[in-house]
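Peer 1: Sequence:
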Amino acid sequence: DILSIQKKAFTVQAEIYNDFELPPMQETYEMIKEDLSTNTVLVAEINNQIAGSIRVLPEGDSAEIRRLSVDPKFQRKGIATKLMKAAEEKTKDHERLWLFTGSKSYDNLKLYRKLNYKLYNQILYKNRYILVYLEKYMR
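Mind the numbering: the sequence shown is residues 900 to 1038 in my numbering, read in order.
No lab work stands behind these hints, which were simulated from the structure alone. Since this is a predicted model, take the numbers as computed values, not measurements. The hints are all genuine.
No farther apart than 25 Å at their CA atoms in a straight line, the calculated lysine-lysine pairs in the PhoX-like style are these:
#	residue 1	residue 2
1	Lys976	Lys907
2	Lys932	Lys989
3	Lys932	Lys907
4	Lys1017	Lys976
5	Lys907	Lys981
6	Lys1009	Lys981
7	Lys984	Lys1013
8	Lys976	Lys906
9	Lys1017	Lys981
10	Lys932	Lys906
11	Lys1035	Lys981
12	Lys1009	Lys972
13	Lys989	Lys1017
14	Lys906	Lys1009
15	Lys976	Lys989
16	Lys907	Lys972
17	Lys1009	Lys989
Please model the entire structure based on the sequences and the hints provided.
Peer 2: Here it is, written out as structure tokens:
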């Protein structure tokens, strides 16, 4: 299911930042159900098994890319790239897409830069680490 894969995927991030209270780690089934009313959720499957998911939250002419999660056993197979491209296709009518990740999430940053997302902001989070905000203009 989406939540268990999200927690597995974000465990890697939690270990990087030594913070197991990251919002994706705290989410519940009820919170995901609530997200379904405002977010588009895309799922990648391999052999009828959920391998990953991504959420898109439209906000006027922009859309936030959220909770990109790939089961660790399916990582490094291009699934994250395919989910990102599917999210971009789903939001092609939006002018701008944006997302954030941690500054030490090197694999994430590499993927987003490969897909032409550009840095537009950085903030200190919990006085412990830096969140990096990236954007991509679609038109």
